[in-house]
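Peer 1: The whole structure should be built from the sequences, with the hints applied where relevant.
Quick mapping for you: the protein sequence lines, in order, are chains A and B.
Heads up, the first sequence is in this note's numbering, so the first residue is 1 and it goes up one at a time.
Heads up, the second sequence is in this note's numbering, so the first residue is 1 and it goes up one at a time.
Rather than coming from a laboratory, the hints here were simulated on the basis of the structure.
A virtual CB, placed ideally from N, CA and C, is assigned to each residue, including glycine.
Just to be clear, a hint being listed does not mean it is correct.
[Claimed, not checked] Examples of chain B residues lying across from chain A (beta carbon under 8 Å, computed):
| hint | residue |
| --- | --- |
| 1 | 5 |
| 2 | 9 |
| 3 | 16 |
| 4 | 40 |
| 5 | 43 |
| 6 | 54 |
| 7 | 90 |
| 8 | 101 |
| 9 | 108 |
| 10 | 117 |
| 11 | 126 |
| 12 | 231 |
| 13 | 256 |
| 14 | 259 |
[What the hints assert, rightly or not] Here are the in silico distance ranges between beta carbons for each label pair:
| hint | chain 1 | residue 1 | chain 2 | residue 2 | range |
| --- | --- | --- | --- | --- | --- |
| 15 | B | 131 | A | 239 | 32 to 42 Å |
| 16 | A | 25 | B | 23 | 25 to 35 Å |
| 17 | B | 102 | A | 314 | 32 to 42 Å |
| 18 | A | 313 | B | 8 | 56 to 66 Å |
Protein chains: 2
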Amino acid sequence: MTELSRIGEFGLIERIARILPGAPTVIEGIGDDCAVVRVFDRLMLLSCDMFVEDVHFRRAYASPQDIGWKAATSALSDVAAMGGTPLFSLVSLACPVTTDSAYVEGLYHGLTDATGQAGAIVVGGDTTMSPAGIFIDVTVVGEVIGNRYLSRRGAQSGDLLGVTGRLGLSAAGLWALDNGKNAPVLVMAHHRPTARISEGLWLSGCPHVKSMIDISDGFVQDAGHLTEPGRLGVEIEPDTLPVDPNLRQFCLEYELDPLDFMLTGGEDYELAFAIRPEDTDDCLGMFRREFRTPIHIAGRFTSAWRGVRVAGRPTSPGGYEHFR
Amino acid sequence: MTELSRIGEFGLIERIARILPGAPTVIEGIGDDCAVVRVFDRLMLLSCDMFVEDVHFRRAYASPQDIGWKAATSALSDVAAMGGTPLFSLVSLACPVTTDSAYVEGLYHGLTDATGQAGAIVVGGDTTMSPAGIFIDVTVVGEVIGNRYLSRRGAQSGDLLGVTGRLGLSAAGLWALDNGKNAPVLVMAHHRPTARISEGLWLSGCPHVKSMIDISDGFVQDAGHLTEPGRLGVEIEPDTLPVDPNLRQFCLEYELDPLDFMLTGGEDYELAFAIRPEDTDDCLGMFRREFRTPIHIAGRFTSAWRGVRVAGRPTSPGGYEHFR
Numbered sequence: 001m002t003e004l005s006r007i008g009e010f011g012l013i014e015r016i017a018r019i020l021p022g023a024p025t026v027i028e029g030i031g032d033d034c035a036v037v038r039v040f041d042r043l044m045l046l047s048c049d050m051f052v053e054d055v056h057f058r059r060a061y062a063s064p065q066d067i068g069w070k071a072a073t074s075a076l077s078d079v080a081a082m083g084g085t086p087l088f089s090l091v092s093l094a095c096p097v098t099t100d101s102a103y104v105e106g107l108y109h110g111l112t113d114a115t116g117q118a119g120a121i122v123v124g125g126d127t128t129m130s131p132a133g134i135f136i137d138v139t140v141v142g143e144v145i146g147n148r149y150l151s152r153r154g155a156q157s158g159d160l161l162g163v164t165g166r167l168g169l170s171a172a173g174l175w176a177l178d179n180g181k182n183a184p185v186l187v188m189a190h191h192r193p194t195a196r197i198s199e200g201l202w203l204s205g206c207p208h209v210k211s212m213i214d215i216s217d218g219f220v221q222d223a224g225h226l227t228e229p230g231r232l233g234v235e236i237e238p239d240t241l242p243v244d245p246n247l248r249q250f251c252l253e254y255e256l257d258p259l260d261f262m263l264t265g266g267e268d269y270e271l272a273f274a275i276r277p278e279d280t281d282d283c284l285g286m287f288r289r290e291f292r293t294p295i296h297i298a299g300r301f302t303s304a305w306r307g308v309r310v311a312g313r314p315t316s317p318g319g320y321e322h323f324r
Numbered sequence: 001m002t003e004l005s006r007i008g009e010f011g012l013i014e015r016i017a018r019i020l021p022g023a024p025t026v027i028e029g030i031g032d033d034c035a036v037v038r039v040f041d042r043l044m045l046l047s048c049d050m051f052v053e054d055v056h057f058r059r060a061y062a063s064p065q066d067i068g069w070k071a072a073t074s075a076l077s078d079v080a081a082m083g084g085t086p087l088f089s090l091v092s093l094a095c096p097v098t099t100d101s102a103y104v105e106g107l108y109h110g111l112t113d114a115t116g117q118a119g120a121i122v123v124g125g126d127t128t129m130s131p132a133g134i135f136i137d138v139t140v141v142g143e144v145i146g147n148r149y150l151s152r153r154g155a156q157s158g159d160l161l162g163v164t165g166r167l168g169l170s171a172a173g174l175w176a177l178d179n180g181k182n183a184p185v186l187v188m189a190h191h192r193p194t195a196r197i198s199e200g201l202w203l204s205g206c207p208h209v210k211s212m213i214d215i216s217d218g219f220v221q222d223a224g225h226l227t228e229p230g231r232l233g234v235e236i237e238p239d240t241l242p243v244d245p246n247l248r249q250f251c252l253e254y255e256l257d258p259l260d261f262m263l264t265g266g267e268d269y270e271l272a273f274a275i276r277p278e279d280t281d282d283c284l285g286m287f288r289r290e291f292r293t294p295i296h297i298a299g300r301f302t303s304a305w306r307g308v309r310v311a312g313r314p315t316s317p318g319g320y321e322h323f324r
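Peer 2: As structure tokens, this is what we get:
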């Protein structure tokens, strides 16, 4: 007997990966943000994301529209992380028979709003009874333009670690909700994240960007996934990361360290990527002319050691992992 | 406040359908077995099916391999019901942290076995924690050959109602499990149904077959879906349905009526379809030369009244409906 709590989410994924068969039409299987498959001689992205009451969300903290929005965004963000464009999504919903129909309709409004904003469309799904708790599984089907997509693999020693947006707001928003503090901007960041679809597509078209991931489990942990664990190390220089003024003010008020939220908070749905150092200035300059989304270099990959270091100090695997 | 228990699964689906937007690329949206979407100028099928512990399965009744097999078959059968070919599937799994890893691996073995037998491949998914109970959501992506697929719509007055296979075995198997009776053939039918992929593809290519559905909720209820509720009626003649010898023997032994299982039992995953009467003999003859799966005519559509009648008697909506 080996409980999941002992091997953790990543241990389980490794074991599942051994069971799943490969096939010539499966370009990328389990282990990345999306599966990449060949259909009609084109590449498609497939991804699903299960959103569970009292694990991923609390009904007391958020409206059903917020919960639906975030469930959809979490799945759409996986397509953004590959540089793909989401086309269609499906929603499977399990909820107790005592649930108010208006509540479920609210969930669907949030789901369709977020999906529509990302340029995709909810085409159907399944509804079923749950003995306890609401379970929302969102599947997204996306396309890859010109067969170019970014996986988590591809970083080399000397490459720089880039990241979009401002980190930590979502986690600080959750802290505010947990502790009954008033922080509307942070709570909004927690409830209504944006999948970086256009930014991901742009970065995947930039020839100097080599690999990418979305930050769902925390910057340190997700940056670690870009090291092809065991092959490279990545040094994060936290001083290079700008602290959002709202986050700074909030942390001052409650004597918190903004870096805790920024480095291990999770649910930012920003993009982290490896980029060739020579071309970084050009690429970031063009990105900034194209988007209002911030973009920064926050670290460097190395072959001298393995894992993730923050300001020179090795980290234990931080961030969120299911079953632990 | 309108509890889901009051409006039922079909009431909820109607309300959700009003929320989901349409689009030119969405050929069939919510309300059929699969969504039909246009991708790269071809038609694709998308379907998902949530399988919930203590709603769809009990851990005490079945091995994890059985449970995984059936969760996959249930989703694959939706593609069969449209006459499509499944290509890829994704699995989202939520389970408690105390679950044995070997149990989860068993689920995946069942999932990949059933998917492989249907000619498709599991390419990835999501694993997450559940506060209570195991939730398995299977999404299937399928293709349609030659843009011909069968929806639930299309029956006309005078068309005949056809059905594949022998009905009622799965429901009788569940009764045996619920009542601690020994009935290995029936229990096997309950645990290891087969999605009628090849049969569905063949029937969709038969120009005289007009509409199709898979029997997941019971023959009466699913045949009712072929009447485009409110437009037609369908008369089921139960005497024309052969009773499986194992089912007959079992029902004799325990003083049960085999027709109860055959008409409202559900989870047969056989195919029911509307067919033009003139060409029925030819079509069934060819089908029988092609497949060992039985096929029969079991009723007739009419415009004289609405709903489903069995041997002349109107039925109340039988079969399984979530939230009721």
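Peer 1: Now, for every hint given, state plainly whether the structure supports it.
Peer 2: How the hints compare with the structure:
1. 5: holds (4 Å)
2. 9: holds (6 Å)
3. 16: holds (5 Å)
4. 40: holds (5 Å)
5. 43: At about 10 Å, which exceeds the 8 Å cut-off, the nearest Cβ of chain A leaves the hint on residue 43(B) violated.
6. 54: Cβ of residue 54(B) sits 5 Å from chain A, so the hint holds.
7. 90: It holds, given that the least Cβ distance between residue 90(B) and chain A is near 5 Å, below 8 Å.
8. 101: holds (4 Å)
9. 108: holds (5 Å)
10. 117: violated (12 Å)
11. 126: Holds, because the Cβ-Cβ distance from residue 126(B) to chain A comes to roughly 5 Å (cut-off 8 Å).
12. 231: Violated, because the Cβ-Cβ distance from residue 231(B) to chain A comes to roughly 22 Å (cut-off 8 Å).
13. 256: Where the cut-off is 8 Å and the nearest Cβ of chain A is about 26 Å from residue 256(B), the hint is violated.
14. 259: violated (27 Å)
15. 131(B) - 239(A): 32 to 42 Å: holds (40 Å)
16. 25(A) - 23(B): 25 to 35 Å: holds (26 Å)
17. 102(B) - 314(A): 32 to 42 Å: Hint holds: Cβ distance 33 Å, inside 32 to 42 Å.
18. 313(A) - 8(B): 56 to 66 Å: Holds - the Cβ-Cβ distance for residue 313(A) and residue 8(B), about 57 Å, lies within 56 to 66 Å.
In terms of the numbered hints stated before, the structure departs from hints 5, 10, 12, 13 and 14, listed from lowest to highest.
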